[in-house]
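Top line first, the protein sequences correspond to chains A and B.
Here my numbering = 1-based position in the first sequence + 33.
Here my numbering = 1-based position in the second sequence + 5.
It is worth saying that the hints were derived from the structure and are not from the lab.
The model shown is predicted, which means the values in this text are computed figures rather than measured ones.
Treat the hints with care, as some may be off.
[What the hints assert, rightly or not] Each pair of labels, with its calculated beta carbon distance range: (1) V51/B - R259/A: 56 to 62 Å; (2) V51/B - A171/A: 33 to 39 Å; (3) R103/B - M78/A: 20 to 26 Å; (4) V51/B - R160/A: 21 to 27 Å; (5) A17/B - A246/A: 35 to 41 Å; (6) A79/A - K33/B: 41 to 47 Å; (7) K125/B - A246/A: 30 to 36 Å.
Backbone N, C-alpha and C fix where the C-beta goes; we use that ideal spot for every residue, glycine too.
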Amino acid sequence: MRRILCVIPAHNEGANLAAVVDEVRSRRSDLDILIVDDGSTDRTMAIVPLLGVRWLQLSDRLGIGSAMRAGLRYALRQGYDTVVRVDGDGQHRADDVDALLTPVFASHADVAIGTRYHVDGATRKPRVISALASLLSARTGRHVTDPTSGFYALGPRAIRILAEHHPTGYPEPELRLFLRRNALNVVEVGVRPRARLMGQSSLTAARLVAAAARVLLALVIVPLRRPEKETARV
Amino acid sequence: MSDHIQMELLAASVLLLVVVLDLVRRRKLTEEYSFLWIFSALALLVVSMRQDMLLTAARWLGVADPPAVLLVVLVATVFTASLSLSVIVSRQRQQIERLIEETAILSAELRDVRAAHATK
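Construct the complete structure from the given sequences, taking the supplied hints into account.
Set out below in structure tokens:
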């Protein structure tokens, strides 16, 4: 029997979290849910304790990578062997969680990543995303279709490594490079795209420029790093 | 290089050394980060007392004006210092992130323990 933790990273998602939690619960009642509040300044933390889920509260905003690291370390300590990340803004459908978990349970994947672009032409891919996907495919030697997807399921080995080393900043593209460098087996799984439920994305123009710079640096640097050791520290 | 400049340089390096050591004495600067500055001060001290080293370096580098070598050395020192400060800041950032993550996990575990205790 596998123990699965659904980690929901959230920054100022007070308006969406109740709906996200309800959706996950109604679809997969066997999943334990952990919300990781990444230094929210809205009413997120007034709501979270009322949802009947587990939660971590980061005292400052550290970014989604740090929120995931905290969630994964919590998962390790509590003895979970599978983690699925569902974003707090509601853009990931709980309906697709099954599809992500299947390859991880079948043990032929350490990581299953949701892709919104699995059917060619079904969803128009913005040019920047296409370019990034090509760069990542070239650098990893694997076919990357959705380089900015943060909808993924992790098996035991991926949890152990990412609990210490999940990339930070704007981590999704760098995550692909990191997984490849550390010889973790990745499969892409088709998911249906959806817009965030309510509110604004925390991505602004200035953040996008910073994110682009970090991704470019990661493209050069990450494949040159040494693979990380799996640490026993929990 | 004139004797005048030499005296100023000597005074400056002694002053730097005294200030750094005093900061360490008052625990305002920890030992591990003080060595960079102590080495810089000592290097400056040596150069100010041994003009011939500066002349040799200038000839070796093909610089016509020996005091210009001094300037190059100073710039290099400042560069090294600020680069190592960036490394230190980066390490501290990682440590702070880790601490915030850990305190969040610990308080969640504490919550669990308290809840278990309350229901007993």
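Consistency of the hints with the structure:
1. V51/B - R259/A: 56 to 62 Å: Roughly 39 Å apart at Cβ, these two residues miss the hinted range, so it is violated.
2. V51/B - A171/A: 33 to 39 Å: violated, 52 Å
3. R103/B - M78/A: 20 to 26 Å: holds, 22 Å
4. V51/B - R160/A: 21 to 27 Å: Because 59 Å falls outside the window, the suggested range is violated.
5. A17/B - A246/A: 35 to 41 Å: holds, 39 Å
6. A79/A - K33/B: 41 to 47 Å: holds, 42 Å
7. K125/B - A246/A: 30 to 36 Å: violated, 53 Å
Hint compliance for this structure: hints 1, 2, 4 and 7 are broken, all remaining hints hold.
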